[in-house]
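Starting from the given sequences, assemble the full structure and let the hints guide the process.
Residue numbers are given in the numbering used here: position 148 of the first sequence equals residue 148, and the series is strictly consecutive.
There could be a bad hint or two in this list.
What follows is a set of in silico ranges between Cβ atoms, one per label pair, in the way DEER data are often shown [stated by the list, open to error]:
| no. | residue 1 | residue 2 | range |
| --- | --- | --- | --- |
| 1 | Cys172 | Asp72 | 33 to 43 angstroms |
| 2 | Ile147 | Gly413 | 48 to 58 angstroms |
| 3 | Lys384 | Ile452 | 13 to 23 angstroms |
| 4 | Asn54 | Ile147 | 37 to 47 angstroms |
| 5 | Ile452 | Ile29 | 52 to 62 angstroms |
Bear in mind the hints are in silico, worked out from the structure with no lab data behind them.
Every residue, glycine too, gets a C-beta built ideally from N, C-alpha and C.
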Amino acid sequence: MHWADVIAEDIAKNCEEPLIATGISPTGIIHVGSLREAITGESVRSAVKGLGKNVRLIYLIDSYDPLRKRYDFLPKEFEQYVGMPISNIPCPCGKHKNYAHHYVQPFLDAVDSLGVQCEIIWTHELYEQGLFAETIDMAMNKREQVIKILSEVTGKEENPNYAPYTPICSACGRFTQPIFETYEFPYIEYECTCGNRGKDDIREGKGKLTWRCEWPAKWKIFGTSAEPFGKDHAAAGGSYDTGVRIVKEIYDGVPPYPIPYEFVQLKGVGQMHKSLGSPVTGLDAINMTPPEVLNYLFLRVNPSRAIDYDSGMGVLDMADEYDRMERLFFEGEYTEAEEDSVRAYEIAQHNRTPEKLPNQISCRHLVNVAQMAPTFEGVLEILKRNGNISDMTPAETKRLARRVECVRYWLNGFAPDIVKFSVCNTVPPGIELSMAEKAFLQALSVRLYDCIWDAETIGATIADTAKESPVGLKGGYSTLYRILIGKKSGPRLGNFLADMDKSFVVNRVVQASN
RNA sequence: GGGCCUGUAGCUCAGCUAGGUAGAGCAUCUGACUUUUAAUCAGGUGGUCAAGGGUUCGAAUCCCUUCAGGCCCGCCA
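Listed below in structure tokens is the structure:
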């Protein structure tokens with residue numbers, strides 16, 4: 001049984017209306033790991049849904065987290081915002097509402113394109129609505145107990161200054177240390193390092209719970225029944241462990257069913273990144289992996305398994321595997337070993353499985369076509385000419401367009417040289433042709449000069465000429481590839497040459513034959 | 001130091017909480033297709049299941065030990 005179904009059964013057993021929570025802290029640039037979390041959550045959601053339960057997936061954006069430091073990618077002036085909640089910091093590019101929106105937007109776009117069906121919730125709005133007031137009050141009243149729990153679970157010494165809640169300074173706008181003795185619902189006083197002294201009303205959302213107390217507070221508020229989270233939180237003594245005790249002993253709530261997942265490693269194998277020694281970014285992965293394939297990538301293995309994202313040929317391998325599973329799914333016949341992978345394909349559709357097998361144009365094939373045609377229209381034209389596509393539904397066209405975009409992105413920065421080609425301006429230097437090959441080219445040049453310039457005729461002409469020559473069919477093709485793109489193989493010659501200017505091709509063949 | 005995960009064919013992984021003669025895909029090799037491609041189809045090669053010990057009639061599968069790799073333990077998934 002697929003892991004998502006196993007988890008779904010466990011959840012469905014204990015809850016009537018399960019709520020699955022997931023989230024992100026958009027303090028900086030996103031990475032694919034965050035997508036693994038979203039996809040894991042969505043997969044469990046759709047698996048639970050499949051069991052007939054009324055299930056929700058909420059996506060919490062931690063927009064009230066403080067900016068911890070001025071990251072390298074931020075301009076100098078952002079130094080002044082360190083310590084402030086990111087929803088109160090201006091957008092670095094000026095096009096978004098604030099800092100949080102700026103960094104979470106590409107991520108939300110990705111989540112959307114992946115088909116994740118969730119309700120977006122902004123944490124800073126929860127605070128503004130006073131939804132955390134009750135848990136803040138409980139955490140402040142039982143602060144000593146919280147400190148004890150933290151110490152017991154983490155094995156560290158008790159920290160008497162631990163603040164479950166930090167108010168925002170009314171003068172400088174940064175989170176600051178409260179004066180615990182002054183707490184009396186709903187007010188707490190604070191003295192900020194900027195010199196300002198003030199009084200905070202915990203109901204007004206001018207402060208936030210700190211992480212180890214905030215997470216369990218969310219469980220309590222939403223009644224979370226399951227939640228995926230990274231292995232960092234899952235480590236013994238980590239925030240899940242402390243959260244379990246805090247939600248039970250401080251908030252009188254129930255901890256969610258944990259779905260810990262391993263991290264995703266991005267290894268740059270493309271020469272561009274390899275030479276620089278810099279890794280593939282999460283955005284790269286999104287840009288070069290079709291969404292349906294990325295979904296499948298995370299679903300095919302257990303969450304407990306680390307994933308090495310292979311940005312080289314692995315991208316194509318994965319896409320091919322996806323297509324294969326899609327075929328198996330619609331054929332309905334597969335081995336036991338393939339069962340979970342086929343199910344992974346199905347879950348990757350998030351309950352929006354196509355009715356019939358969609359038109360599959362493999363990414364591997366698109367790699368060639370995309371290099372022949374610079375535009376999507378051009379790609380479509382070539383595919384139509386080859387009979388690869390006929391009637392396309394809008395959904396199929398959309399998927400194809402996305403695949404072409406991904407393939408181009410991949411070719412641009414990650415693809416190994418063997419799959420790339422470009423037409424050389426002259427006969428590539430260093431090419432040595434045998435007498436037979438030259439004779440072949442000579443004969444071919446004459447026939448090409450007279451032939452009608454369409455793919456079929458060109459193809460037939462080449463095949464006929466090559467067969468009559470001692471170089472043979474295979475040798476003939478290889479010779480042409482060598483003089484045109486400097487490689488031993490390449491895309492189908494008929495269409496390839498038909499796309500080029502006739503005199504250019506003929507001239508090249510003549511030149512090479514001398 | 002503590003914790004988690006992983007180690008099965010060249011590569012990516014299934015199989016392991018139903019213990020019963022080693023699996024898939026890709027790669028590679030061979031053959032076919034009178035138009036080629038990292039295309040399609042058919043077939044083949046390929047593994048003492050990290051190592052050692054234990055339980056068992058029987059272990060990749062359960063238990064113990066060791067080795068190797070990855071990662072987490074600072075509110076970074």
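A quick look at each hint next to the structure:
Remark: the range hint 33 to 43 angstroms for Cys172 to Asp72 is contradicted by a beta-carbon distance near 24 angstroms. Between Ile147 and Gly413 the beta carbons are some 49 angstroms apart, a value that agrees with the proposed interval 48 to 58 angstroms. A hinted range of 13 to 23 angstroms holds for the C-beta pair Lys384 and Ile452, which are about 19 angstroms apart. Between Asn54 and Ile147 the CB atoms are about 39 angstroms apart, so this pair conforms to the stated range of 37 to 47 angstroms.
For the hinted restraint 52 to 62 angstroms between Ile452 and Ile29, the CB-CB distance of approximately 54 angstroms keeps it satisfied.
In summary, the structure is inconsistent with hint 1 from the numbered list given earlier, while agreeing with all the others.
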